[in-house]
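Number of protein chains: 2
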Amino acid sequence: MPLSDRRGRILAFIVDDYVDSATPVGSQALVARHALGLSSATVRNEMAALEDEGLITHPHTSAGRIPSNRGYRYYVSSLMEEHDLSQQERLTILHQFHQSARQLEEWVGLAVSVLANSVHNMALITQPRMVEVRLKQVQLVELSETRALLVVVTSDAAVHQQTLEFPVQVSQESLTRMGSRLNAEFGGKTVAEFAAKDAPEPLGAAEAVVVAAVVEMLMREQRAAVEAPVVEGVRELLRQPEYGDSDRMLDTLEAVDERKLREAIPSGAVGEADVAIIIGDENRAGPYQDMSFVLARYGPPSGAGGVLGILGPTRMAYGDTVAHVRYVADVLTQLMRNFYGD
Amino acid sequence: MPLSDRRGRILAFIVDDYVDSATPVGSQALVARHALGLSSATVRNEMAALEDEGLITHPHTSAGRIPSNRGYRYYVSSLMEEHDLSQQERLTILHQFHQSARQLEEWVGLAVSVLANSVHNMALITQPRMVEVRLKQVQLVELSETRALLVVVTSDAAVHQQTLEFPVQVSQESLTRMGSRLNAEFGGKTVAEFAAKDAPEPLGAAEAVVVAAVVEMLMREQRAAVEAPVVEGVRELLRQPEYGDSDRMLDTLEAVDERKLREAIPSGAVGEADVAIIIGDENRAGPYQDMSFVLARYGPPSGAGGVLGILGPTRMAYGDTVAHVRYVADVLTQLMRNFYGD
DNA sequence: GGTTAGCACTCTGAGCGGCTGAGTGCTAGA
DNA sequence: TCTAGCACTCAGCCGCTCAGAGTGCTAACC
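Chains as they are written, first to last, in the working numbering: chain D, 1 to 342; chain B, 343 to 684.
I should point out that these hints are in silico values taken from the structure, not numbers from a laboratory.
It is possible that some hints are incorrect.
As the list claims (entries may be wrong) - Dumping the calculated EDC-like pairs for lysine to aspartate or glutamate here, alpha-carbon to alpha-carbon at most 16 angstroms:
(1) B:Lys478 / D:Glu142
(2) D:Lys136 / B:Glu484
(3) B:Lys602 / D:Glu232
(4) B:Lys478 / D:Glu173
Here the structure is a predicted model, which means the values were calculated and not measured.
Hey, can you work out the whole structure from these sequences and the hints?
Structure, rendered in structure tokens:
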């Protein structure tokens, strides 16, 4: 059930102050900072009630209060005032984008680094993927008599490459011919259509190798979250007082390893529309119990897209973080839309 | 001038013990561990002499001795016994290579991670580069009416891509035609030859855009050390007692950032033949004053190659590290030689 | 009944002193 | 030239005390 207005305001102040100072906030400190027309004794009573509800705790008897995970959740869902970025902040971010080149890959790297710098936490982004990946073009380059480099371009403008070993000798001419034939036959198809299609004429040995490799590539690209996310600002994260102890720091460093994160990003929670906030143990994965994700989808709704956001301690300025994540996701989406002409 | 035999042996023991224990080694501890037929008092006298020579110091009056940078240098140059890896160690390493796929890019990543794991320090590797990069093949894929994706394959099997914006409308057919013409004309050429070549027939506007982009790509690939090195095992490094303090840890984390390292790897010190050891302040770059690099070149002498090695605290098992770096570099070189048929 | 002043109680963290153990440098004798 | 002995040093640990911040409870007040 919802909290009374006053109690809610007190919880919000506790969260705000704690986010700010990283030290437990006591009743006297609270009334001193926020002129809320109440004595510290009254605030203490309210705090005791909030503690009964499980929204705050204290680390030991004579310490101030800190929000529990449930407290953050309540704050985020019911108390937090969403605000947009100021004109100034927007311009700063846009400026960084416009200064840089117009390559998709660079945008991704730029977005994640802009995000990390503006909220002083670790930012992450997954590479953009099409919902349905289609084959755009195949190219084969001879490396030796029985070996060639296969380059595949997919509809999300990703380029994949692989070395192929042929059971027979091949020349650049035969490879070029094979490439043209495959392009004509399979260009624009998805993996599913690929598999469904019967070979109209029996494939040669070399061709079979190529087709198998292309299918494998498309499937890998299709599979969700195969690529490890790009991570930026780990040091911003580790500078937070939560990780002042070097053991904690090492553990956290392990948790934010790209390969670990690949499996653990709760991208299922990210809807089309808005920013998802996953607080502490809402994410089942072990090492993130005292951290929160703030994630958004980016990319045009029907096109290539991915997830970007922030990973930080649960003690995080959620309002500000949400605004930044949303804005950067929007900017990136807009860039991609212009790029793809979607 | 060289040390007396006995004094050298004592220095070597000090280095060995200190590398092992990370605590200053005292005279009594030394005689207890190494049965060298001398009393601790005699060892103390020798230690005082070694300190006069600037090869060891002590952090405070009543502490044992630790090697200075000059001490490590003397050890490495004159005292250290080089040993090869055991059969067992070699097999473990080879096994990891043979288990993995046979892509050049994967080898690079594998080498650096094998290295980091076997010496428990941070390993780094620069991407292989040809001494002379040649254009292998160009491909153009239409993205929209005035935009195309340019894919360039260079002689070191690297694939580069870039989006191009044309001042005129283009179709996939015209792009394909343009690609074939460029391949015929410029395939196999280096940048230098590229620039020297007069245009045999005046270039169209679209063609000029492509040529400019290709030249730019080749130059970037040609330029030394453009790509940031791949780094692995930062956590192994930070686990060393040197970085037990969280501030030190953050500083070090900053120092081993790939972009910082790109500028700072003392690759000039790496000769063709053997493993280079750069101790502490022998590297002028600031943040590495109390760290050492152990580096080797990899790749067939005339072909694509790079630098790989270890970055760790000056307190490092140099003998073992050198053996590992050398072996992994050899394995990688051999793999590349087989791959390129060189 | 909600609010507040007052008070006893609790707990952390900083500061201080003493002690121990490992180590040194020096001197004198073998 | 080596070694035994001795006085001296210093970091690190332990235990102690104390101040400060905070709590919960009770009784009085509006």
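Hints, one by one, checked against the model:
1. The suggested pairing of B:Lys478 with D:Glu142 holds, with an alpha-carbon distance near 9 angstroms, which does not exceed 16 angstroms.
2. For the given pair, D:Lys136 sits about 9 angstroms from B:Glu484 by alpha-carbon distance, which is consistent with the 16 angstroms threshold.
3. Under the criterion of a C-alpha separation no larger than 16 angstroms, the hint pairing B:Lys602 with D:Glu232 is consistent with the structure, at around 14 angstroms.
4. Between B:Lys478 and D:Glu173, the direct Cα distance comes to roughly 14 angstroms. Compliance with the 16 angstroms bound is thereby established for this hinted pair.
In the structure shown, no violation is registered for any of the earlier numbered hints.
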